[in-house]
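*Asks:* Single-letter residue listing:
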Amino acid sequence: MKQVSLTVNGEVYEVAVEPWWTLLEVLREKLYLTGAKRGCDRGDCGACTVLIDGKAKLSCLTLAVKAQGKEILTVEGLTRDEELHPIQRAFVEQGAVQCGFCTPGMVLAAKALLDRNPTPSEEEVSEGLSGNLCRCTGYTKIIEAVLVASETMERRQETAK
Amino acid sequence: MKDYSVIGKRVVGIDKIKKVTGAAKFTADLFLPGMLHGKALRSPYAHARIVKIDTSQAEKLPGVRAVITGREIPRVKFGLTKDIRDQYLLAIDKVRYVGEEVAAVAAIDEDIAEEALSLIKVEYEELPAVFDAESAMKEGAPQLHDHVERNISPQGVIHFGDVDKAFAECDHIYEDRVADAKVSHGQMEPYTALAAYDPASGSLDMWAPNQSPFTRRRALSNVLQMPVVKIRYHNVHMGGAFGGLSDPFPAEFIAALLSIKSKRPVRVAYSREETLIAIRHWPSVVVEMKVGVKRDGTILAKDCKLTLDGGAYMSSSGLAAFQSYMHLEALYRLPNVRYEGIRAYTNKTPSSMHRLQAYQLAILEEMILERIAQDLGLDSVELRKQHATQTGDILPSGTHITSFALRECIDKVVAVSGWREKKGKLPPGHGIGIGCSGSYTGFAMGFRLNSSALVKFNEDGSCSVFSGCIDNGQGNESMLIQIAAEVLGMPMENIELIAGDTALTPQDPGTYSMTAAFVSGNAVRLAAADAKQQIMEIAMSMIGVPANDLEVKEGRVFAKSSPEKGIRIESVVREAWRRGTAVQGRGSYTPPAISEHGWADQTTATRGQRGITYTDGATVAEVEVDQETGVVKVLNVWQAYDCGFALNPMAVEGQWQGAAGQMLGRTLFEKHTWDEKGRLITDSFLDFRMPRSSDIPKVNTFIVEPIDPRGPFGAKEVGINAGGGVGPAIVNAIHDAIGIWIKEFPITPEKVLAALEEKEGGA
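Protein sequence lines correspond, in order, to chains U and C.
Counting from 47, one number per residue, gives the positions in the first sequence under this note's numbering.
Counting from 280, one number per residue, gives the positions in the second sequence under this note's numbering.
Pulled out of the complex, with its shape left as it was, chain U reads as follows:
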């Protein structure tokens, strides 16, 4: 076992891990942050997506020991002071959430996409989310939600200026 220091959603956690444990396992089983899901454990589905230093990463393919010293954002960290992030709000209001299993990963992948490209086209969103599988929605409302969120976030930026 190795003692590591993980910074998740702005909080520092000291946790003992085996070197072969994935970040996903540690988040879920040791920190009880079960938002990131185990969908396939081999990087095919994106349900385990978290942001590491702002980039979308598959936590099932990331060793926990390697995530030390980095800023990890899980879906639980998106909501600030009880207020939903615009992406979360858009998902909810546009009907982009059905069973919800893919949702945490999808929302974070969308955040990484919009942080990189604040005004994507419909095609860019469709391509950008192609690492996250969803079986319930057929993706139509997910893409619509991301486009609505991008507009909301653009307007907020404008107002802030």
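Don't take every hint at face value.
To be verified - Straight-line C-alpha distance at most 27 Å; calculated DSSO-like pairs for lysine-lysine:
{"hint": "1", "chain 1": "C", "residue 1": "956", "chain 2": "C", "residue 2": "331"}
{"hint": "2", "chain 1": "C", "residue 1": "281", "chain 2": "C", "residue 2": "331"}
{"hint": "3", "chain 1": "C", "residue 1": "356", "chain 2": "C", "residue 2": "400"}
{"hint": "4", "chain 1": "U", "residue 1": "103", "chain 2": "C", "residue 2": "297"}
{"hint": "5", "chain 1": "C", "residue 1": "281", "chain 2": "C", "residue 2": "701"}
{"hint": "6", "chain 1": "C", "residue 1": "297", "chain 2": "U", "residue 2": "101"}
{"hint": "7", "chain 1": "U", "residue 1": "76", "chain 2": "C", "residue 2": "735"}
{"hint": "8", "chain 1": "C", "residue 1": "509", "chain 2": "C", "residue 2": "361"}
{"hint": "9", "chain 1": "C", "residue 1": "735", "chain 2": "C", "residue 2": "844"}
{"hint": "10", "chain 1": "C", "residue 1": "956", "chain 2": "C", "residue 2": "400"}
{"hint": "11", "chain 1": "C", "residue 1": "331", "chain 2": "C", "residue 2": "509"}
{"hint": "12", "chain 1": "C", "residue 1": "832", "chain 2": "C", "residue 2": "281"}
{"hint": "13", "chain 1": "C", "residue 1": "304", "chain 2": "U", "residue 2": "103"}
{"hint": "14", "chain 1": "C", "residue 1": "702", "chain 2": "C", "residue 2": "912"}
{"hint": "15", "chain 1": "U", "residue 1": "76", "chain 2": "C", "residue 2": "542"}
{"hint": "16", "chain 1": "C", "residue 1": "573", "chain 2": "C", "residue 2": "702"}
{"hint": "17", "chain 1": "U", "residue 1": "76", "chain 2": "C", "residue 2": "304"}
{"hint": "18", "chain 1": "C", "residue 1": "400", "chain 2": "U", "residue 2": "101"}
Rather than coming from a laboratory, the hints here were simulated on the basis of the structure.
Add chain C to chain U, keeping to what the hints say.
*Replies:* Just chain C now, with coordinates in the frame of chain U:
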């Protein structure tokens, strides 16, 4: 259209915020004190006798708390109905597919459990196996089950009118055949079961994604030989079902046994590989159809045969053999119809139903309609409309069609897709196609077709609704609250729903009989109406207003004639208690289908109201076929479907779009492949080819709403006909693009190229 407060509106589901913040707990997110991790040992052979199992080394491994094999379980077989009990949930004498569970271990963590599995020594005697329906039904083929001849179960014929006589009167006969591959339902949640046995009380608590907690509880009660009242299935968030969670799986049987043995909670979490290999597949079928028409296009007769590869155990695939017919029964006016369904056992993963079981039948039927139209110089859209069933029709079986809108759906989809401007006018390699489909709500399930609900009020005027219905992600929980809110004139936030818990909620059919809206919704509507009636009766005596002048809205009971004369609901609730009674609404609904028949009687129950009501729809797809690479790109999809009244249009659209994605995946990408020893090669989402966001175009959905006289507020069903016309529309669009009917699915680039080559060779 009536003006409702909350029904018919685009309501945000009550569970969505929990899901979008990661707070919603699925079974694998649950932790119980002292919880152990369970793992199953799986057969490496497709067909073998289990000679010996030695678990002694596994039992000694530190951290292992329990090991079980089939030797210790009651010899009670499981099956969805009494007549089809063919499976031990942990193999005893024989294994019948690669991946079947043979033993299981519970340990303090998954790594130790895995290591323990590798220490279990199993001696098998390998037997010859069969991997396709045709081979399985031949004389002398290896027998999977002793009681089943030639591996055929079930087989039956449905016949209305006189098909042979009608064929003799036809001017043209069309015959054709399609075949497809097995696929997985692809629920995003890998299968997980959590069991907590309490030795002190002898009670077993279960959590697992499912389609009916009551069916699961009863099945576990039978195979564990424990009373029903000692087993409780809890409600939990579920990550999709789509027909693939119709029965209890070895996972929960194993979790329960390990928990009983270890006296600790046990969680059995299948990996994605295990979920793809060892839960359920959608059966693959071969459909053969013969259609006879007069020269003016009038269809006189249809004769079809569906041969289904059902896998190693029955599950619900036996029903699937006849569901294909039942779903499409109402679509077109056909006085003479014969349908033969045959299911064969094969040494592969057991198959269950999936959404529109008639998917392949619809593809073939819609293909033949196009062929007829082409040959006879008719407009295929008009040909469909000419034969479309209408409200008020009575089917040859005696079923009354109380609401139908196929013509309207066809008109709508033709208008929005630009069909008339595009058909025959698109550039080479581009095509447009249309396909229709239908379903029915509620099939005969005996007493299980009942849903009952309760509504109790709290002292502040809020209420709790109890319903056995569960939510796999379709939005059922929100729908039930919406219905109660409309009837009681209350905001949805003041209503709590307790659902799908076998200890707390009354009986419900579950979500595999297309009954969540129609049956569960009606039960809740009736319970809310009953509570409303009780409130009005008490209020009557409190404010002296006659019953016919009372209204319940926004938390108040008041006189319609003078609204200021009224009281708040909570005052009525408290008064009821003072009087020694209580405001408690009861509702129960069993639809008037031929419910005295059980699940297995799909063929014998040929006359009478076979389904309660029927849905329909039309889809148009536009495709582009790259003739160099064979890649088919679906550019656009439009679907106009009939669901009766749309209780929540946003949820309805989401269901139809999701299903369109699944059917598109089925038609173009998804396929399971086995090697020569029956091992599943496509045991990952990558290999199995789940469709991604970049594979599916925007799906444009349009809701057509004929009001059903019996559905709650006129609603029928949404989740089954969903996407049904996508397969037919794509197949027809490909023909429009390159002039070829591709009759084997999925339509991979290789198949397209091979078809183009063949066409070239023949030209």
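*Asks:* Now tell me if each hint is right for this structure.
*Replies:* For each hint, the structure was consulted:
The straight-line distance between the Cα atoms of residue 956 of chain C and residue 331 of chain C is roughly 22 Å, inside the 27 Å bound, and the hint therefore holds. With a C-alpha separation of about 68 Å, the suggested pair residue 281 of chain C and residue 331 of chain C falls outside the 27 Å cut-off, and the hint is violated. A threshold of 27 Å between alpha carbons decides the hint, and for residue 356 of chain C with residue 400 of chain C the separation of about 25 Å falls inside it, so the pair holds. Straight-line distance between C-alpha atoms of residue 103 of chain U and residue 297 of chain C comes to about 23 Å, which keeps the hinted pair within the 27 Å bound.
The hinted pair formed by residue 281 of chain C and residue 701 of chain C fails the criterion: a straight-line CA distance of about 37 Å is larger than 27 Å. With a CA separation close to 24 Å, the supplied pair residue 297 of chain C and residue 101 of chain U stays within the 27 Å bound. Simply put, residue 76 of chain U and residue 735 of chain C have alpha-carbon atoms about 40 Å apart, too far for the 27 Å limit, and the pair is violated. For the hint linking residue 509 of chain C to residue 361 of chain C, the alpha-carbon distance of about 22 Å falls within 27 Å, and the restraint holds.
Proposed proximity of residue 735 of chain C and residue 844 of chain C is supported: the alpha carbons are some 25 Å apart, at most 27 Å. For the hint pairing residue 956 of chain C with residue 400 of chain C, the CA-to-CA distance comes to about 21 Å; that is within 27 Å, so the pair holds. Annotation: proposed proximity of residue 331 of chain C to residue 509 of chain C is violated, straight-line Cα distance about 33 Å (limit 27 Å). Of the pairs offered as hints, the one joining residue 832 of chain C and residue 281 of chain C holds, with about 16 Å between alpha carbons and a cut-off of 27 Å not exceeded.
Simply put, residue 304 of chain C and residue 103 of chain U have alpha-carbon atoms about 22 Å apart, close enough for the 27 Å limit, and the pair holds. Restraint check for residue 702 of chain C and residue 912 of chain C: the C-alpha separation of about 17 Å stays at or below 27 Å, so the hint holds. Taken as a hint, the residue 76 of chain U and residue 542 of chain C pair is honoured in the structure, with Cα atoms around 23 Å apart against an allowance of 27 Å. The suggested pairing of residue 573 of chain C with residue 702 of chain C holds, with an alpha-carbon distance near 25 Å, which does not exceed 27 Å.
Between residue 76 of chain U and residue 304 of chain C the CA atoms are separated by roughly 16 Å; this keeps the pair inside 27 Å, and the hint holds. About 46 Å separates the Cα atoms of residue 400 of chain C and residue 101 of chain U, which puts this hinted pair outside 27 Å; it is violated.
Of the hints listed earlier, those the structure fails to meet are numbers 2, 5, 7, 11, 18, in rising order.
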